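Protein chains in written order, with our numbering: chain A, 269 to 532; chain B, 269 to 532; chain C, 678 to 980; chain D, 678 to 980.
Treat the hints with care, as some may be off.
[Claimed, not checked] Derived lysine-lysine pairs resembling PhoX-like cross-links, with alpha carbons at most 25 Å apart:
| no. | chain 1 | residue 1 | chain 2 | residue 2 |
| --- | --- | --- | --- | --- |
| 1 | D | 836 | D | 797 |
| 2 | D | 821 | C | 821 |
| 3 | C | 882 | D | 967 |
[As the list claims (entries may be wrong)] Negatives, chain A to chain B, calculated, CB over 12 Å:
| no. | residue |
| --- | --- |
| 4 | 292 |
| 5 | 338 |
| 6 | 481 |
[Claimed, not checked] Rough simulated footprint, nothing fancy, chain B against chain C, three-plus residues with beta-carbon under 8 Å:
| no. | segment |
| --- | --- |
| 7 | 687-701 |
| 8 | 704-714 |
| 9 | 724-733 |
| 10 | 761-768 |
| 11 | 940-947 |
If you are wondering where the hints come from, they were derived from the structure by calculation, not from laboratory data. Keep in mind that this is a model prediction, so the values were computed, not measured. Think of the CB as a built atom: it goes at the ideal place given N, C-alpha and C, for glycine as much as any other residue.
So you can see what is in the structure, the chains are spelled out below.
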Amino acid sequence: MTRNFFFKNMKRIEDFTVIQHHWLNENTFLIELKSSGQLPVILPGNFAQIQINNTPGVFLRRPFSIYNADYKNNTLTFYIKIVGKGSRELGLLKPGDITSIIYPLGNTFSLPDKDKVLIVGGGFGIAPFLLLGKSFREHQKKTTFLIGGRSKQDIMLASTFKKYGDVLITTEDGSLGEKGLVTDHSVFNNNNFGYDMIYTCGPDPMMKAVANIARNKNIPCEASLENMMACGFGACLCCVVETTSGNKCVCTEGPVFNINDLAW
Amino acid sequence: MTRNFFFKNMKRIEDFTVIQHHWLNENTFLIELKSSGQLPVILPGNFAQIQINNTPGVFLRRPFSIYNADYKNNTLTFYIKIVGKGSRELGLLKPGDITSIIYPLGNTFSLPDKDKVLIVGGGFGIAPFLLLGKSFREHQKKTTFLIGGRSKQDIMLASTFKKYGDVLITTEDGSLGEKGLVTDHSVFNNNNFGYDMIYTCGPDPMMKAVANIARNKNIPCEASLENMMACGFGACLCCVVETTSGNKCVCTEGPVFNINDLAW
Amino acid sequence: MVDLKIKIQDLEFKNPVTTASGTFAYGEEFSDFLDLNRLGGFFIKGLTLENREGNPYPRMAETASGMLNSVGLQNKGIDHFISHIYPRIKDYDTHIIANINGSTIEDYITVTEKLNDLEKIPAIELNISCPNVKEGGMAFGIRKKSAVEVTEAVRKACKKILIVKLTPNITDIAEMARVVEGAGADSISLVNTFLGMAIDAETRKPLLSTVTGGLSGPCIKPIALRMVWDVFKAVKVPVIGMGGIMNAADAIEFILAGSTAIQIGTANFIDPQVSLKIIDGIEDYLIRHKVKAVTDLTGAMEI
Amino acid sequence: MVDLKIKIQDLEFKNPVTTASGTFAYGEEFSDFLDLNRLGGFFIKGLTLENREGNPYPRMAETASGMLNSVGLQNKGIDHFISHIYPRIKDYDTHIIANINGSTIEDYITVTEKLNDLEKIPAIELNISCPNVKEGGMAFGIRKKSAVEVTEAVRKACKKILIVKLTPNITDIAEMARVVEGAGADSISLVNTFLGMAIDAETRKPLLSTVTGGLSGPCIKPIALRMVWDVFKAVKVPVIGMGGIMNAADAIEFILAGSTAIQIGTANFIDPQVSLKIIDGIEDYLIRHKVKAVTDLTGAMEI
Ligand SMILES: Cc1cc2nc3c(=O)[nH]c(=O)nc-3n(C[C@H](O)[C@H](O)[C@H](O)COP(=O)(O)OP(=O)(O)OC[C@H]3O[C@@H](n4cnc5c(N)ncnc54)[C@H](O)[C@@H]3O)c2cc1C
Ligand SMILES: Cc1cc2nc3c(=O)[nH]c(=O)nc-3n(C[C@H](O)[C@H](O)[C@H](O)COP(=O)(O)OP(=O)(O)OC[C@H]3O[C@@H](n4cnc5c(N)ncnc54)[C@H](O)[C@@H]3O)c2cc1C
Ligand SMILES: Cc1cc2nc3c(=O)[nH]c(=O)nc-3n(C[C@H](O)[C@H](O)[C@H](O)COP(=O)(O)O)c2cc1C
Ligand SMILES: Cc1cc2nc3c(=O)[nH]c(=O)nc-3n(C[C@H](O)[C@H](O)[C@H](O)COP(=O)(O)O)c2cc1C
Ligand code: FES
Ligand code: FES
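Put together the whole structure using the sequences plus the hints.
Next up, the structure:
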């Protein structure tokens, strides 16, 4: 099987089998699911629409970034924060349970021209960045991850990300790394900032603040958005974001956008 | 604790814990659930409204006769046939799962004046008759159970019922007991029929046929009905049956009716 | 301490939580499960002048997040209520509100007059929205002219607070509320059930003996909420909202959309104690959001 | 072999299963998931004369067994459709039906005329029922006079089969169907979405930027089914039913209630292959029930 970074895969709907959960704290977990066939190529930034079974009150699928793809075992891993009924149910699944997944969905990040990249993630916003970090290593980029959280407990997987680059941390209460928001991190104050491109994913206000910094420093920046979705594959037009050329679907024309295209 | 057969218990809503299933065939099972407190007196014929969790598409509770009540262990047992989503889900519960139950609901059977009683059950219609058989034994009645099914596989729990009386069997294909419907059983052809009262529960057509025989033989007969219910405790007026004195709620004025009161 | 009290005109309720007509029988059926005295009030099953047997069985079908019913106002008539049921329930320390129905305007008037003497019933709910009867019911409530006629007639006969209950099966519920307010309603309650239907694909038969019935439950909540908001903007009298309320968050949403009080219907069947849980939940919400009085939330949706 | 073919006037469909406008984009978005050629047809996203950006985000909220949307007819306009999209989709071996919209009758006419030349579009669906636009849309569909006017005008301009899509947000849908039939509709499709609303109790804000939106999904099925039955009894032209169809049993119910064809909407979002499963399921049903042709089931509910 050859894998081409630029080849757009067919979207598919497929039953996956739960392999295991790995709980990171009481409301955040990794869930690994196995395909019965062979995984298609997953691009960094791609997401999936996961069906939530057995949950009255959850009608639509739920979108989650693909955190990791293991082509040997044909498994996908998602990094999930429990925020409501659907994410809670995914935490309750048992090994062997079956769930339907529509994937791979969405576009991907751009490869930067130059070498040094800064990846800024807040909350579950770090989910798409493991695959991105892996891809950057393959392409010999020098990656720095800047991860923010409210406190120490929110900072997870730093050791995993360390394999693919430097890891900087901020916490609002100062319990780990620098105190403050990600945008307060000293890396941004540095006069010779030195990064050639910024990638960000997380809560909207955070991404907007990162985008502002990028604009001020005149550095290209891509943001991965997390709008509410009904379908995830361009059928409903519910997930739009305002861009400089009109409303665009986050699910098909995103989730990754160059900040200059967004009407932020 | 004293238990009075004639004392009407308060209805209650309570969380029960699943203890175990006992599968009788691939779509019929006994499920035993434990109260966290002390069981109230359960009268033969009483039923419960069981909440079905985790099942999109099941909105209302489901009514089931109380098959057995164990006052020592404070457990209730239900005899359930899988016919749709709700009953299927009850079969999928695991020991330790919690479900909410409203009980005890409905009226009870009458004690016969005389001694020899015939109990006729078809399908899951035998569910209310274990408690009735037990009660009759306490009251020194001589009980005969007549159980009907399509074939051998449908005849379950005969050995359990044998503890409380004689057991007669009919199957439509003749694979066990006499061949035919329950109403074809030779017990009814007998010139000196000899039973003083008949009790029946099962599909409507079967109960109507049994009622006809009882009428012809001029023997008192009670039937336990299974109308569709939304509430189970007299709030909605959905479960009515036409009686000689107007529409009556099966959930509060039944489920047990004297056939002479029914507009059959 | 937060203040849960609300008023429908001069009538004070200890809290905004009441139960909907036809889903709470005469209250007694719930006394095993909860302390009725804690309720803001309860609306009893629809009364008619004469004894009614209602529609034939089957009268109920489950649907996605809801149910259809075609009970059809089964009740033993107003005289039986007054002589047999009222004496048993009149001493509850909560407001008992009668829901009245008729095939003709004269029926409505007679029932209203008979209720005038019952001291412990401070208000009546004029039901011009029952979809399950052949005569009267919703027929009055889908046309402005007949809605106004029956409201005016009952207004004249009625010595109590008059709440008019609207059907959602109309094009412009705001306009209907306006004309009914003009005809003398002290309060508007909505929504009654939506006319719906269910078929068993296997037998090809309708699931209700009457073919069509009234849809209730969470499935109708989004439409009911929108209608409450429409009516709230259109009238000055207090609005009593309902339609699919299952928990305190739902109740708060109806209050934010403009309900002074709310009614809980179908939810009572699934959890007979739900009304008390909703009272507690509203209290918690007020404390958590530092809102002093529940009335501060009425229509307080922020657009 | 059972016969799945149906006809809307002279136009034959290979089976009664089509997909609803606004839930199937332009078909292409589903080509990864299914063979579009197997469908009876598909109704494309609502077209307008001019480019429309639709309503601001958020435009979607989940509800009990359903969803609200306020997309508001986002599309790049009829000319862009004709030059860019139509050429890409025109060779599918299934009927592509255009759903047309306008703020004025003139808009509707212009769009209709532009479509007349597109050989591979055999029918248009006149949408007078979109609840999510400020001008036109549902405003045309809630009053008989304007519904007749726009239908007559488009009828004159239209060289294709004319399907008129009704809004359920009205008192008497049978009467509306009758007058629209009188004005020249070849077929009536129903229902469009129900006007609803959702509020976030915590933030006190509406969940949609437009406050109200259109409710779809299984929650509306009982009402939609009843309306199809009402319309089926009222008109002679074929009825195309929809509203919450999730599986073959639902589809059969709509057919029994009088639908010649059915449309699948919201279900496409949850299972993009559902339409083919429904075709297979209908076929199974016919075999199992020994019914030769699906048309034998149209309106065959047994009362
Ligand atoms: C492209 C994309 C990638 C995402 N990746 C991740 C990820 O890797 N890990 C992760 O934990 N979360 C991710 N999310 C967010 C995730 O989809 C929501 O947390 C999830 O849908 C919440 O479902 P729920 O039933 O638990 O919560 P609910 O009870 O439904 O609602 C809680 C909150 O979740 C959000 N939400 C609900 N439904 C949707 C929906 N259909 N689309 C978007 N947001 C919704 C709303 O803001 C809502 O207020 C992603 C979202 C998008 C659009
Ligand atoms: C008083 C009473 C006692 C009963 N005792 C037993 C018992 O001991 N064992 C047993 O297996 N079954 C019993 N039943 C029948 C049982 O309630 C139904 O089989 C069950 O509700 C089906 O639920 P479901 O979700 O599996 O089926 P569904 O998918 O909902 O429907 C399948 C069929 O079940 C019946 N049904 C569905 N909902 C109800 C309802 N709310 N009330 C009544 N019938 C309904 C309908 O006929 C329907 O066609 C009893 C019913 C009543 C009223
Ligand atoms: C079984 C049943 C019976 C009802 N009977 C009446 C009635 O007698 N009078 C009336 O005004 N409304 C009646 N209703 C309507 C309810 O009062 C309420 O308006 C409706 O159910 C919507 O609220 P819900 O979704 O919370 O149930 C009845 C509803 C149900 C489900
Ligand atoms: C996201 C969304 C967009 C829609 N857009 C349109 C539209 O452009 N034109 C139209 O006539 N109906 C539109 N509809 C209505 C559907 O075609 C259909 O009438 C409705 O959703 C009911 O069917 P369902 O319950 O199967 O979804 C839309 C529905 C949804 C959910
Ligand atoms: S979620 Fe449906 S188009 Fe993006
Ligand atoms: S089921 Fe509600 S009254 Fe009997």
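Here's how the hints hold up against the structure:
{"no.": "1", "hint": "D:836 with D:797", "in the structure": "holds, 13 Å"}
{"no.": "2", "hint": "D:821 with C:821", "in the structure": "holds, 17 Å"}
{"no.": "3", "hint": "C:882 with D:967", "in the structure": "holds, 17 Å"}
{"no.": "4", "hint": "292", "in the structure": "holds, 25 Å"}
{"no.": "5", "hint": "338", "in the structure": "holds, 30 Å"}
{"no.": "6", "hint": "481", "in the structure": "holds, 45 Å"}
{"no.": "7", "hint": "687-701", "in the structure": "holds (count 3)"}
{"no.": "8", "hint": "704-714", "in the structure": "holds (count 4)"}
{"no.": "9", "hint": "724-733", "in the structure": "holds (count 4)"}
{"no.": "10", "hint": "761-768", "in the structure": "violated (count 0)"}
{"no.": "11", "hint": "940-947", "in the structure": "holds (count 4)"}
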